[in-house]
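Those protein sequences? They're chains S and C, same order as listed. Per the working numbering, the first sequence runs over residues 1 to 191. Per the working numbering, the second sequence runs over residues 1 to 191.
Watch out, some of these pointers could steer you wrong.
Claimed, not checked - The list that follows gives simulated cross-link-like pairs (lysine to any residue, SDA-like), each with its CA atoms no further than 25 Å apart: (1) S:K72 / C:A100; (2) S:K72 / C:D107; (3) C:K77 / S:D107; (4) S:K72 / C:S117; (5) C:K72 / S:V67; (6) S:K77 / S:A168; (7) C:K72 / S:A115; (8) C:K72 / S:W102; (9) C:K72 / S:A99; (10) C:K77 / S:W101; (11) C:K125 / S:D107; (12) S:K72 / C:T105; (13) S:K72 / C:A176; (14) C:K77 / S:L104; (15) S:K77 / C:Q106; (16) C:K72 / S:A168; (17) S:K77 / C:A99; (18) C:K72 / S:E108; (19) S:K72 / C:E68; (20) S:K72 / C:A40; (21) C:K77 / S:E108; (22) C:K77 / S:A99.
Keep in mind that the hints were calculated from the coordinates and are not lab data.
There are 2 protein chains.
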Amino acid sequence: MSNNTTTRLFTFAGSATGEWLVDRIDCLVGAPIAPAGRLAVHAGPLLEIAQDVSWSLQGITSNDRYVERSEKVALAKRQAGMGRPECTRAALIPIRKSAAWWALTQDERRAIFEAQSQHIAIGMKYLPAVARRLHHCRDLGHGEPFDFLTWFDFAPSDEAAFDDLLQALRTSPEWAYVDREIDIRLEREAN
Amino acid sequence: MSNNTTTRLFTFAGSATGEWLVDRIDCLVGAPIAPAGRLAVHAGPLLEIAQDVSWSLQGITSNDRYVERSEKVALAKRQAGMGRPECTRAALIPIRKSAAWWALTQDERRAIFEAQSQHIAIGMKYLPAVARRLHHCRDLGHGEPFDFLTWFDFAPSDEAAFDDLLQALRTSPEWAYVDREIDIRLEREAN
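Based on the sequences and whatever the hints tell you, model everything.
Shown next, in the form of structure tokens:
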């Protein structure tokens, strides 16, 4: 398949099974989602919709939209991969941004994202403890309810730091454009 | 459906029917596509694959990736809508860019796109004669063979100007990153 689509697409399914136990689902802005006891993370589309799936969300990793080279170099020096054995806590944070955000031009979005909100700089402070993978949903073409799904993992001892990271982002000017946000906290047994 | 997905998704089908007659299909770089006598343009997905469809390509309109506010204002002042009655010629130009392009950061891509290649400035010179709609395919998630589909329409008397536009882009530094390009020329009867 072209464009590495199969390796870039991920499905997150709220269900009765799945490797992650749902600790809590908080709705920060906008409509909530249905409860689920567990979360399954699939690389690729969910080919069969299991009977026990409450909801599923898809997203695709893609090229950087805002990061500049100097930032990418700095991030690469500090960041760790997903799935480290000690990272038995995770969060899935689906976000939608408003029409006003999407009507902005690239220079305007970059100015809000970094010059005003320090989105990259804030995330950098919590590396390598908090690993992050961003998935885009807005242009998948089949009506996903969110624009982004961000997946984080970290050790239990870093959950308070992760909350600080979210607090800093949620009080930034960029978040004025977030019109739906769900915070799904998860845990799994250590490997 | 959320995110206006249904109004942003377009399907272009090479077939024996369709409102556009194919004048010629030129393969500029990379693998060719199958011949087709006509082209149908659908708003939305092709819900039924007709027997006579040779191929179909999907793309989704999206937010601006490179345009800055001053450029957007200047473009908006000059551009015309698609489908003017005199625009009986059209072109569909599917393009794929290399992995090297997608590995660049935003600042690097913008520098090649505009500072070095004047992509926006070149297009501006041919407004309002040549109308353009850009569709993204890379993140559709189902393995589209191209990254972009650009749809143009213009009057027959402007086809030479359109060729000049393409010549300017194809000799620009940005085009070193194009690893597949097809140029499909079309005509229809006047309304």
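Each hint, compared with the structure:
1. A threshold of 25 Å between alpha carbons decides the hint, and for K72 of chain S with A100 of chain C the separation of about 15 Å falls inside it, so the pair holds.
2. Between K72 of chain S and D107 of chain C, the direct Cα distance comes to roughly 11 Å. Compliance with the 25 Å bound is thereby established for this hinted pair.
3. Among the hinted pairs, K77 of chain C with D107 of chain S is consistent with the structure: their alpha-carbon atoms are about 19 Å apart, no more than 25 Å.
4. A hinted pair counts as satisfied when its Cα atoms are at most 25 Å apart, and K72 of chain S with S117 of chain C qualifies at roughly 24 Å.
5. This hinted pair checks out: K72 of chain C and V67 of chain S have alpha carbons roughly 22 Å apart, not beyond 25 Å.
6. At most 25 Å may separate the alpha-carbon atoms for a hinted pair to count; K77 of chain S and A168 of chain S meet this at roughly 22 Å.
7. Restraint check: the Cα-Cα separation between K72 of chain C and A115 of chain S comes to about 21 Å, which is no more than 25 Å; the hinted pair holds.
8. Distance check on the hinted pair: K72 of chain C and W102 of chain S sit about 14 Å apart at the alpha-carbon level, within 25 Å; holds.
9. With a C-alpha separation of about 17 Å, the suggested pair K72 of chain C and A99 of chain S falls inside the 25 Å cut-off, and the hint holds.
10. For a cut-off of 25 Å, the pair hint linking K77 of chain C to W101 of chain S stands: about 22 Å separates their Cα positions.
11. About 22 Å separates the Cα atoms of K125 of chain C and D107 of chain S, which keeps this hinted pair within 25 Å; it holds.
12. Among the hinted pairs, K72 of chain S with T105 of chain C is consistent with the structure: their alpha-carbon atoms are about 8 Å apart, no more than 25 Å.
13. Restraint check for K72 of chain S and A176 of chain C: the C-alpha separation of about 23 Å stays at or below 25 Å, so the hint holds.
14. Taking the CA atoms of K77 of chain C and L104 of chain S, the gap is near 17 Å; set against the 25 Å cutoff, the hint holds.
15. This hinted pair checks out: K77 of chain S and Q106 of chain C have alpha carbons roughly 19 Å apart, not beyond 25 Å.
16. The suggested pairing of K72 of chain C with A168 of chain S is violated, with an alpha-carbon distance near 32 Å, which exceeds 25 Å.
17. Taken as a hint, the K77 of chain S and A99 of chain C pair is honoured in the structure, with Cα atoms around 22 Å apart against an allowance of 25 Å.
18. For the given pair, K72 of chain C sits about 12 Å from E108 of chain S by alpha-carbon distance, which is consistent with the 25 Å threshold.
19. About 22 Å separates the Cα atoms of K72 of chain S and E68 of chain C, which keeps this hinted pair within 25 Å; it holds.
20. Proposed proximity of K72 of chain S and A40 of chain C is contradicted: the alpha carbons are some 42 Å apart, above 25 Å.
21. Under the criterion of a C-alpha separation no larger than 25 Å, the hint pairing K77 of chain C with E108 of chain S is consistent with the structure, at around 19 Å.
22. Restraint check: the Cα-Cα separation between K77 of chain C and A99 of chain S comes to about 22 Å, which is no more than 25 Å; the hinted pair holds.
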